[in-house]
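*Asks:* One-letter residues, chain by chain:
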Amino acid sequence: MNYQLSLHKGSLELEQEVLKKELCTACGACLGLCPYLRVRKENVVLLEPCGLKEGRCYEVCPRTKLDFSALNQQVFGEERRDYVLGRHQGLYLAQSALKEVQKKAQYGGVVSGLLIYALSKKLIDGAILVGYSSNYQLLPEPILARSKKEILACAGSKYTSAPSLKILNQALKECSKLAFVGRGCQVSALRKRIMVEPEIGEKIALIIGLFCMWALDYRKLYSHLAKKLDLSSAKRFDIPYNRFLVWTDKKRIELEFEPIRALKRPTCDFCYDFTAEFSDLSVGSTEWKDDWNTLIVRSERGKKVIEQAKKAKALCLKPFPEDREKLLRQASLGKKKRVVNGVFLEKKANDYLVLSKEERSWIENQELEMGAKK
Amino acid sequence: MNPVFLDKPEAVVLMMGNEAIARGAIEAGVDFTASYPGSPSSEIQETLAKASKIFGHHSEWSVNEKVAFEACCGASFAGLRAMTAMKQNGINVVSDVLNTVNLSGTKGGIVLLVADDAGGYSSTNEMDSRLHAKLAELPLVEPSTPAEAKEMVKYAFELSERVKLPVIIRSVTRLSHARGDVPLDKILPRTRKPQMGFFDRFVGHPMVHPLLHLRFNQVKAEFEKSAFNSYTGPENAETVISASGPSAVYAMEAVHNLGLDDQVGILKIGTTWPLPEQFIIKHLSQARQVIVFEEVDPFLEDNLKVVMADAVMSGASVPKFFGKRSGHIKGPRGAGIGEMTPDIVYDSLANILGAKRKPRSAKFMEAEKKVLEWKLPGREWAFCAGCPHRASFWVMKTALKEDDREGVLIGDIGCYSMGVSKTGYNLSRTLQCMGAGIGFANGLGNLKDFDQPVIAIAGDSTFYHSCLPGLVNAKYNKSKLVFIVLDNSGTAMTGFQPHPGTGKNALGESVEPISIEKICEGIGIPTQVVDPFEVEKAVKLLDDALEAGETRVLIFRHKCALIEGRESKEEKPRVYIDQEICLGDECGCNRFCSRVFACPGLIWDEKHKKAIIDDVVCTRCGICASICPKGAIKLEEKKIIKTMKKGKR
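Taken in sequence, the protein lines are chains A and B.
With the numbering used here applied, the first sequence corresponds to residues 34 to 407, in that order.
With the numbering used here applied, the second sequence corresponds to residues 53 to 701, in that order.
Honestly, the hints are just simulated from the structure, not real lab data.
Note that beta-carbon positions come from the ideal geometry of N, C-alpha and C, so glycine has one too.
Treat the hints loosely; a few may be bogus.
As the list claims (entries may be wrong) - Computed list of lysine-lysine pairs in BS3-like fashion (alpha-carbon distance at most 30 angstroms, straight line):
| hint | chain 1 | residue 1 | chain 2 | residue 2 |
| --- | --- | --- | --- | --- |
| 1 | A | K53 | A | K42 |
| 2 | A | K236 | A | K181 |
| 3 | A | K297 | A | K284 |
| 4 | B | K682 | A | K53 |
| 5 | B | K530 | A | K260 |
| 6 | B | K532 | A | K260 |
| 7 | A | K322 | A | K351 |
| 8 | B | K500 | A | K74 |
| 9 | B | K532 | A | K297 |
What the hints assert, rightly or not - If you want the ones that stay clear, here's a sample from chain A, every Cβ over 12 angstroms from chain B, calculated:
| hint | residue |
| --- | --- |
| 10 | L118 |
| 11 | L124 |
| 12 | K136 |
| 13 | Y165 |
| 14 | S180 |
| 15 | P231 |
| 16 | S266 |
| 17 | P273 |
| 18 | D302 |
| 19 | K336 |
| 20 | F353 |
| 21 | Q363 |
| 22 | V373 |
| 23 | N374 |
Unchecked claim - If you only want the chain B side, here are some residues facing chain A, beta carbon under 8 angstroms, derived:
| hint | residue |
| --- | --- |
| 24 | D595 |
| 25 | C641 |
| 26 | F644 |
| 27 | V648 |
| 28 | I679 |
Chain A on its own, in the form it takes in the complex (with noise of 0.2 angstroms):
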């Protein structure tokens, strides 16, 4: 087999310069590859270097050379224009229309909504999801979804890392139409992942971006609630605006958020793409609307599944307020002015990431009104 790889590097630098740095973003690009790299509870380890010099396992890592400007070209077939939203050609509030969905989802449903009627009209034949290990509590797992039933048990947010790109090999096996949802850091791997094997992109029909601000670490998340209750009794938690929330069998318990907000992965304070830019759509909260959702519609594919799904009367659309979208435009801005700017240096490194000059300097100058992070 011919990778075209570029970085000629391998697992052992993944480990050095990603692994052992709390780079890693557990987005699990790497896993499922080989026998070398495996992960347990989001926590991706080596188990030793393979002992080749260069392999896909670096070359697709959303923490090695991130080159926004190149991946923009090679996805959207054109030159980054919008630095902070990234390329879209529409921007949306929206809410599925089916009534089960809106049921069991954490705001407008329109990821499980979408999907389920893409699966419907076969647009798509599987999607890779995350639902939650039976194994282990509140321990997101990655999910082949290929039921509509499968994907309902999917909904809601998760709010630790899981990764689900690890069953992107055995997905590929099962179904030539795939979809994929997940964080930034997922997409730009799975975009990697494609310019190194182009013929997986063949085989994946839609990948919905989910914003993105950080993710939580599990196993320190889980000590650390261990510390504060009795997990046995726990069933989900929630972090609706900067609360964390935590349904019991009985109960609704409330637990201090700064000290949660710390056991945030490191690696998160380097990422320059809250609005995961290189997906076909994007979506996340409204931060305002409770019942509906953020929506980017970024390539052509994209717009297609949303137009046929709003025609089918599967989804409702409406326009996206400007003071929103300011809103949101700082958010995703402010974020990417820490990287820029370069306010975790003094913690890590964010070389990995590569802007045109152009982006850079736009970044760097742009000023960040204030008070807009509400």
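Given the coordinates of chain A, assemble chain B onto it according to the supplied hints.
*Replies:* For chain B alone, coordinates are given in the frame of chain A:
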């Protein structure tokens, strides 16, 4: 019938030193035998176990050397003749009771045979066990040949009964495992009736220390006249060699071949503790120099010097001593290190005496050259193909990595001792003595501010031998450790002797197996059993156990491939590698099976850049099929049908 058991006085039978030792016990009419296996002593109890069906004596594999010896003491207390055999490490386990039963005394003849693994071919040390005789003030004899070993065993029983003390016989690998002609003698009938009379009391107490000295002096007096000590060579020789054990035979050969028969005397000492002082003074006070050969420590050498130093008071002159202390007698790794060999004896005699070794015949040299030209392929220290320990170490390696807290693995004694080397992925951090692993882990698991998880391992036989106190202590003192019992259903390293978990005893009779998991659960430790061949399941269980942060037991149970091979009658499907699917050295594999997992059955085909299976070595265990990332390793199905058909015909 095994010729070792023949009731044919005066027949001469070629037998192994260990068989000769067993034969000695049989001729002495031994009533009770109990041992724990350990190289190079194991064949003694194995032979005695076989013999027990003919001669009716008790024979058992005990859980450890201490229990074995104590059981023998019990038989002795009731007036029976009893013998135990062990390796040098074993006598350390016994040493506690050895230093009280010496005071209390015994009744029936009791012999402790200890076979030292000089050179440590199959041991973690090469300790010289003779110091235990000195420590406990017990009689010690050292045979030089299998025939003498047999005679010494018989003598040891008689001596033990006369002086009411256990007698220690010290063998070494080259005696235990060498073969020699042994003249048979008549087998004494077993007529003793066990009984403990009202006055049969055996109390070890310093109060009776003077009694031990009395008995010790009695032994000394007897040893003065012992036929096991001899002097050969010219009267009043200037140079006298003193030697014990096989070294005495090496010395005799060397002296003869160096043409020194007329100049050098040989003082062979068979009763090395206490020494026959007058006999020694008689032969050494005339000498100007004494050369001492023995293995491993300068035990005889030092004690001879003490005897001669004391002899100065009665006017004797002290000769020069050439030995390990002076640095004249030494092997390639130094004086007092490694086993004694004929070459060391030759070379040191040649050096000290300026003698020249006669060249070998041309015919011999030619033959030797031929043999040496045929080079054996180098072999790594490795688990056998199909060995469950490889799977277990793989599981432990994977889990420790996944756990990602730099967990440590504490090793123990058994085949899995090789866990310190590449075959066990260099995981084991310690290699010491039976049962030490769980003990070390007790400490590590109870350190404040020590965040590295701790795994202790032990085999099933080692578990019964000496792990129970450590395990109880771990639970009692809340030591955070995962104790993994590598249960391969036998004492594999020493030759598949049964143990309490196997459901068989030394005689091959079925007994109720003693469940390891029930013992652990009985202590109150959460215990789980898993087959290490179910790699992912075992990894998860171990990960969970490590995260639990308390005392946990996991039993990795899978039969030793060699035992399975012996027992299993049905042919297993052949394992092969689908060359189309095998990734070889490409990204995604890079010879994972042959290079990293590294079962000897997996070979790298340099020519085709693919893995292949060595059908001769492969045990068809199939574990590699489960670790191959591409599923290229497969089990052949056709073969079974073929074989079945063959069977029908």
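*Asks:* Are K236/A and K181/A close enough, with their CA atoms no more than 30 angstroms apart?
*Replies:* This hinted pair holds, its Cα atoms lying about 20 angstroms apart.
*Asks:* Could you let me know if the closest chain B CB is still more than 12 angstroms away from the CB of L118/A?
*Replies:* holds, 35 angstroms
*Asks:* Taking the closest pair, is the beta carbon of S266/A still more than 12 angstroms from chain B?
*Replies:* holds, 19 angstroms
*Asks:* Confirm or reject: N374/A is not an interface residue toward chain B, with every Cβ-Cβ distance exceeding 12 angstroms.
*Replies:* Label holds. Min Cβ-Cβ 32 angstroms, cutoff 12 angstroms.
*Asks:* Far enough from chain B: is every CB of that chain over 12 angstroms from the CB of P273/A?
*Replies:* holds, 30 angstroms
*Asks:* For K297/A and K284/A, compute the direct alpha-carbon distance and say whether it is at most 30 angstroms.
*Replies:* Holds, at about 26 angstroms.
*Asks:* Tell me if V648/B is really an interface residue toward chain A, meaning its C-beta lies closer than 8 angstroms to one of theirs.
*Replies:* Holds, about 7 angstroms.
*Asks:* Measuring Cβ to Cβ, find out whether P231/A lies farther than 12 angstroms from everything in chain B.
*Replies:* P231/A is indeed farther than 12 angstroms from all Cβ atoms of chain B, at 16 angstroms.
*Asks:* If we take the beta carbon of L124/A, is the closest beta carbon in chain B still more than 12 angstroms away?
*Replies:* holds, 40 angstroms
*Asks:* May I ask you to check that Y165/A keeps its beta-carbon over 12 angstroms from the closest beta-carbon of chain B?
*Replies:* holds, 17 angstroms
*Asks:* Run the distance test for K682/B versus K53/A: straight-line Cα separation, threshold 30 angstroms.
*Replies:* holds, 28 angstroms
*Asks:* Does the no-contact call for D302/A survive, Cβ to all of chain B over 12 angstroms?
*Replies:* For D302/A, whose nearest Cβ neighbour in chain B is about 21 angstroms away, the distance exceeds 12 angstroms, so it holds.
Of the hints listed earlier, there is not a single one the structure fails to meet.
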